[in-house]
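Participant: One-letter residues, chain by chain:
2 protein chains.
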Amino acid sequence: MNTITLAHGSGGQAMQQLIGQLFMRAFANPWLDEQEDQARLPLAELTARGDRLAFSTDSYVIDPLFFPGGDIGKLAVCGTANDVAVSGALPRWLSCGFILEEGLALATLERVVNSMAATAREAGIEIVTGDTKVVPRGAADKLFINTAGLGAIPATIHWSAASLTPGDLLLVSGTLGDHGATILNLREELGLEGALSSDCALLSPLIEALRPIRGVKALRDATRGGVNAVMHEFAASSGCGMALQEKALPLKPSVRGVCELLGLDALNFANEGKLVIGVAREAAQQALETMKAHPLGRDAAIVGEVTASAGVRLCGLYGVKRTLDLPHSEPLPRIC
Amino acid sequence: MNTITLAHGSGGQAMQQLIGQLFMRAFANPWLDEQEDQARLPLAELTARGDRLAFSTDSYVIDPLFFPGGDIGKLAVCGTANDVAVSGALPRWLSCGFILEEGLALATLERVVNSMAATAREAGIEIVTGDTKVVPRGAADKLFINTAGLGAIPATIHWSAASLTPGDLLLVSGTLGDHGATILNLREELGLEGALSSDCALLSPLIEALRPIRGVKALRDATRGGVNAVMHEFAASSGCGMALQEKALPLKPSVRGVCELLGLDALNFANEGKLVIGVAREAAQQALETMKAHPLGRDAAIVGEVTASAGVRLCGLYGVKRTLDLPHSEPLPRIC
Chain E
1 MNTITLAHGS GGQAMQQLIG QLFMRAFANP WLDEQEDQAR LPLAELTARG DRLAFSTDSY
61 VIDPLFFPGG DIGKLAVCGT ANDVAVSGAL PRWLSCGFIL EEGLALATLE RVVNSMAATA
121 REAGIEIVTG DTKVVPRGAA DKLFINTAGL GAIPATIHWS AASLTPGDLL LVSGTLGDHG
181 ATILNLREEL GLEGALSSDC ALLSPLIEAL RPIRGVKALR DATRGGVNAV MHEFAASSGC
241 GMALQEKALP LKPSVRGVCE LLGLDALNFA NEGKLVIGVA REAAQQALET MKAHPLGRDA
301 AIVGEVTASA GVRLCGLYGV KRTLDLPHSE PLPRIC
Chain D
1 MNTITLAHGS GGQAMQQLIG QLFMRAFANP WLDEQEDQAR LPLAELTARG DRLAFSTDSY
61 VIDPLFFPGG DIGKLAVCGT ANDVAVSGAL PRWLSCGFIL EEGLALATLE RVVNSMAATA
121 REAGIEIVTG DTKVVPRGAA DKLFINTAGL GAIPATIHWS AASLTPGDLL LVSGTLGDHG
181 ATILNLREEL GLEGALSSDC ALLSPLIEAL RPIRGVKALR DATRGGVNAV MHEFAASSGC
241 GMALQEKALP LKPSVRGVCE LLGLDALNFA NEGKLVIGVA REAAQQALET MKAHPLGRDA
301 AIVGEVTASA GVRLCGLYGV KRTLDLPHSE PLPRIC
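These protein sequence lines map, in sequence, to chains E and D. According to UniProt numbering, the first sequence is numbered sequentially starting from 1. According to UniProt numbering, the second sequence is numbered sequentially starting from 1.
Looking at chain E on its own, in the form it has when it is part of the complex (with noise of 0.2 Å):
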């Protein structure tokens, strides 16, 4: 058997087979060995961990499922896992449902779920229950995945886009754009295949190493809308405005090229590894020095500052200023 079949979700054997011998193999822990309908997780062990629960979800629909840097797996773990830690929590434990399109190679099915448990090995995390649908043949297009993560806030971290104040600086964690421009050069056959590759990673190593800075404030993974989006909640959350300046932005040539070939902004653009972080002014340069000395955060910079007068404004390479909007729409469909 090749291929993916209706059986594969129908709840008899062949779906008995399929979660025994790929999915329980891939992602062996004892909470899935246990095959009750539910994990039964230790709560103490967030309790000793932190007093507040992270919860989080995604779901994926990527297209193609496999790009230079990553594939629909890995970003399924990473972008659940960075949505949980952006809250200072230490992503712990994932789910994981799969929609599966019938016909589709079995083979395709095996390279992602082992993408997907050597991503959640590296970071110590385990995937604890999940589920699978197959549906028939134009239902849907080969293979979507939900994940929902958890993990526990230190009970000394309270990081919120709300605290932001004026003055406050604005940073960034590397380069802008790579995952989105990645996709866009693939689906429009740009050509540019050598120069680009996602930043699918997970961001919990750097933001362990940002946790201990006091003056950090607010952090957010700026993915789909990327940082522009990210602006826009940052200044709905806080009331304050939000002004970059485009000398600072941190961009790859060949993302800049993407950029100018079709006339797009790479701020709009999706990340799928880049932290955005407001934080007080006195503690920004260490935070700088932090995330510069870290292989996640190698091209950090700072790249605005939080303002009183309200709105998202960027200072463009002349000084001369211009209001952001928060665009109606990504460039593309299927980024993440």
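Some clues are possibly wrong.
Stated by the list, open to error - Computed from the model, here is a short list of chain E residues facing chain D with C-beta under 7 Å:
id : residue
1  : Ala-39
2  : Arg-49
3  : Glu-101
4  : Gly-103
5  : Phe-144
6  : Glu-189
7  : Leu-249
8  : Ala-293
9  : His-294
10 : Pro-333
Read the hints as simulated data drawn from the structure, not as lab findings. Beta carbons are placed, not taken as given, at the ideal position from N, Cα and C, and that holds for glycine.
Once you have looked at the hints, place chain D on chain E.
Facilitator: Chain D only, in chain E's frame:
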């Protein structure tokens, strides 16, 4: 705007409007209102109730979206909440991931979301974090939902299929196959609309009534694969056999009719509001009466027993025993 467009999943303004005007209003709760990338939930609320976290997920791809007795939204809340509840936990928080097809009528989404909200509210469950993806026309069929659920398992409860031993009795909480027969009737256009209705229901009130009974050893809700699949799970986990009495199985006449018409066995049909319980023999009568006294368990019955000899067997109406194999697949894809 009367239909879902790709912009609704793009991370831009259109998505913010959909989230603000539909999801935030319908699911209104303080965790969602914080609008962070993750819900931040008080661990103390869990530790006050139990010592283990029950965590489960399911994706819902049912076709059609609306059916007698429920819809995909009600199903997405009840199904996952039930998977949490059969551990003994009270389901407390849900995540929710939507995958929408471009062109879906906004009115359809609203109807589904309002159904989810009403079902959750009635059960004291809050939908605390979510995600929305839109895929181009033809890349998904209308609407898929994933939910992941959380609750705390009381320290006194250790239900497990592995604890079943020969002599224990097997009970079901009501008539079998109602959900499967309802969907089969719609999809195969058998014309039995008036007589059939899905049993889609949240089982936690019934489970709460069973919790104080010493001697309740294992609980499952019989969904995809039906009671037969649960029997095989009980057999595999316990190393025992399961013997069912055909004449004891509660069946609605309309469901029996569908089975006879199509030559199918209701034991393999999906249920969405039925418990299967393994109970020490001396506690079986109390468990049965407790269920019968509850609106969700009126048709409860003792249907069989755990045996020393392995395998799942059905004793027929005329005393003939036959082995029940786990079918390779269910009769229907997209049953839940």
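Participant: Now tell me if each hint is right for this structure.
Facilitator: Here is what the structure says about each hint:
1. Hint status for Ala-39(E): holds, given a least beta-carbon distance of 5 Å to chain D, under 7 Å.
2. Below 7 Å, beta-carbon pairs count as interface contacts, and Arg-49(E) has none with chain D, the closest being about 9 Å; its hint is therefore violated.
3. The closest approach between the C-beta of Glu-101(E) and any C-beta of chain D is roughly 10 Å, which is over the 7 Å cut-off, so the hint fails.
4. A distance limit of 7 Å between C-beta atoms decides the matter here; for Gly-103(E) the minimum to chain D is near 13 Å, and the interface restraint is violated.
5. Below 7 Å, beta-carbon pairs count as interface contacts, and Phe-144(E) has one with chain D at about 6 Å; its hint therefore holds.
6. Hint status for Glu-189(E) relative to chain D: violated, with the closest Cβ pair at about 17 Å, above 7 Å.
7. Contact between Leu-249(E) and chain D, as hinted, is not supported at the beta carbon level, the nearest pair being about 18 Å apart and thus beyond 7 Å.
8. Taking 7 Å as the C-beta contact cut-off toward chain D, the hint placing Ala-293(E) at the interface is violated, the least distance being around 25 Å.
9. At its closest, the beta carbon of His-294(E) sits 21 Å from a beta carbon of chain D; the interface hint therefore is violated under the 7 Å criterion.
10. Of the supplied interface hints, the one on Pro-333(E) holds, with its beta-carbon coming within about 4 Å of a beta-carbon of chain D, less than 7 Å.
The structure fails hints 2, 3, 4, 6, 7, 8, 9 (numbered hints given earlier, in ascending order).
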